[in-house]
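If you read the sequences in order, they're chains S and D. Per this note's numbering: the first sequence = residues 105 to 257. Per this note's numbering: the second sequence = residues 8 to 228.
Treat the hints with care, as some may be off.
Capping the alpha-carbon separation at 30 Å, the derived lysine-lysine pairs in DSSO-like fashion look like this [to be verified]: (1) D:K141 to D:K173; (2) D:K83 to D:K120; (3) D:K122 to D:K195; (4) D:K120 to D:K170; (5) D:K173 to S:K150; (6) S:K150 to D:K170.
Cβ pair distances, simulated, as ranges [claimed, not checked]: (7) S:P208 to D:R196: 35 to 41 Å; (8) S:T152 to D:E123: 36 to 42 Å; (9) S:G200 to D:A77: 49 to 55 Å.
To be clear about the criterion: a stretch of chain S counts as covered by chain D if any three or more of its residues have a C-beta under 8 Å from a C-beta of chain D, and this derived list gives those stretches [said to hold, decoys possible]: (10) 133 to 142; (11) 176 to 190; (12) 247 to 253.
Keep in mind the hints are simulated off the structure, nothing from the lab. Predicted model only: the values in this text are computed from it and were never measured. Note that the Cβ used here is the ideal one computed from N, Cα and C, for glycine as well.
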Amino acid sequence: MDKKTLIKNVIGLAARLAVAGIFIYAGTIKLLAPAEEFAYAIETYKVTGPALSLWAAYIMPWLELFSGLLLAAGIFTRFNAALCGALLLFFEALLGQAWLRGLPVTSCGCFGSGSSNSLGYEFLQNLVFLALAYLAFRRGGLFSADSALEDKA
Amino acid sequence: MINKRTARLAVLGGLLMFVAAIAILLARQFNVGPARPAPGFRTFGPAGALVQITEYSDYACGACRAAADAAEKMLKVYGPDVRLELKHYPLVNIHRWSLDAAAYADCAGEQGKFKEYAAQLFENQEKWGDAKEKPKEFEAFASGLNLDWPAMQACAATPETLKRIKLDMAEAEMKGVNATPTFFINGKRAVGPAQFTEALRKFDTMLKARRQPPAGNCPEK
Numbered sequence: 105m106d107k108k109t110l111i112k113n114v115i116g117l118a119a120r121l122a123v124a125g126i127f128i129y130a131g132t133i134k135l136l137a138p139a140e141e142f143a144y145a146i147e148t149y150k151v152t153g154p155a156l157s158l159w160a161a162y163i164m165p166w167l168e169l170f171s172g173l174l175l176a177a178g179i180f181t182r183f184n185a186a187l188c189g190a191l192l193l194f195f196e197a198l199l200g201q202a203w204l205r206g207l208p209v210t211s212c213g214c215f216g217s218g219s220s221n222s223l224g225y226e227f228l229q230n231l232v233f234l235a236l237a238y239l240a241f242r243r244g245g246l247f248s249a250d251s252a253l254e255d256k257a
Numbered sequence: 008m009i010n011k012r013t014a015r016l017a018v019l020g021g022l023l024m025f026v027a028a029i030a031i032l033l034a035r036q037f038n039v040g041p042a043r044p045a046p047g048f049r050t051f052g053p054a055g056a057l058v059q060i061t062e063y064s065d066y067a068c069g070a071c072r073a074a075a076d077a078a079e080k081m082l083k084v085y086g087p088d089v090r091l092e093l094k095h096y097p098l099v100n101i102h103r104w105s106l107d108a109a110a111y112a113d114c115a116g117e118q119g120k121f122k123e124y125a126a127q128l129f130e131n132q133e134k135w136g137d138a139k140e141k142p143k144e145f146e147a148f149a150s151g152l153n154l155d156w157p158a159m160q161a162c163a164a165t166p167e168t169l170k171r172i173k174l175d176m177a178e179a180e181m182k183g184v185n186a187t188p189t190f191f192i193n194g195k196r197a198v199g200p201a202q203f204t205e206a207l208r209k210f211d212t213m214l215k216a217r218r219q220p221p222a223g224n225c226p227e228k
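With the rest of the complex left out, here is chain S:
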């Protein structure tokens, strides 16, 4: 592996761990709080009703945690990087519509139901993570279970 490729792969690894870390953190913090709290945060986006919000609040944190863990370990790296990217796009759509509609969202629900930054800030922050997820997708194979098992095979 030449130096240029190595640098690219190291950047990809850093991006993979950054995205995985944020997903693990976001999922865990929500899972350790009552689902109803997160459900209330989802409701403020005025996209889903209370019942659907509660279901989303039950499922989404597990999805975040598992995809983050698998991405961190480099298991099905590309698939999980793509999944994280798709989730980030979905969050962007939710944040964007709330931002455009001027909805009074006091907590974005991104990291539990505690207070959060402005919608605009969260939107831009997610864009950064989206870019990192893309890097993880393209170059996130270094020190991954995928590559370790490939080497053995």
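Please build the complex by placing chain D on the supplied structure of chain S, with the hints as guidance.
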């Protein structure tokens, strides 16, 4: 057909998810997680107190009434060494008006008289607890305390008030609370006034030792 490598990765991923799920469920069971503070009017004592107590209570429950008296005495005796946080856990299946009582208590709290209104609810729980129709006592207690009843009614009907109570209930359920009163004293569970008093005794020696300077100590030179 799934090849050997994919199968190995799937097993590894499955194991990782299994371990993570167990860790999360255990963490929930042991109440590891961000605490959602009760509003100021339901919190008594300094934030940095040595003994931190969270109580889940229902205004129509007789044992909660006894516990409220014990808690009141405890606050008087231990003062700044104890912090008590009251959270609502109305047992709506057996106490029809508990949720309303909790909402009115919070709304009395918004007007600065949570403690007084809560005391009225406990003292007269036999009058309103089993009422067939919506109890008139809620209004009578408010009038007796010079509270703005129309404002309290409006406050009790807001989604924010209901949300606050429902979140207390959801939190209690996640902590495995299924009886009232349930206390968490520095994280340790005590159910009922007797266990609460017993648990407090354990802190008594510690708090007394903390208050008295060690023998032979020269405080200032």
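Status of each hint after checking the structure:
1. D:K141 to D:K173: holds (20 Å)
2. D:K83 to D:K120: holds (19 Å)
3. D:K122 to D:K195: Since the Cα atoms of K122 (chain D) and K195 (chain D) sit roughly 25 Å apart, the hinted pair holds (cutoff 30 Å).
4. D:K120 to D:K170: holds (20 Å)
5. D:K173 to S:K150: Status holds; Cα separation ~20 Å.
6. S:K150 to D:K170: holds (16 Å)
7. S:P208 to D:R196: 35 to 41 Å: The hinted range 35 to 41 Å holds for P208 (chain S) and R196 (chain D), with Cβ atoms some 38 Å apart.
8. S:T152 to D:E123: 36 to 42 Å: The hinted range 36 to 42 Å holds for T152 (chain S) and E123 (chain D), with Cβ atoms some 40 Å apart.
9. S:G200 to D:A77: 49 to 55 Å: holds (53 Å)
10. 133 to 142: Three-residue rule met by the stretch 133 to 142 of chain S, so holds; n is 8.
11. 176 to 190: holds (count 3)
12. 247 to 253: holds (count 3)
The structure agrees with every numbered hint stated previously.
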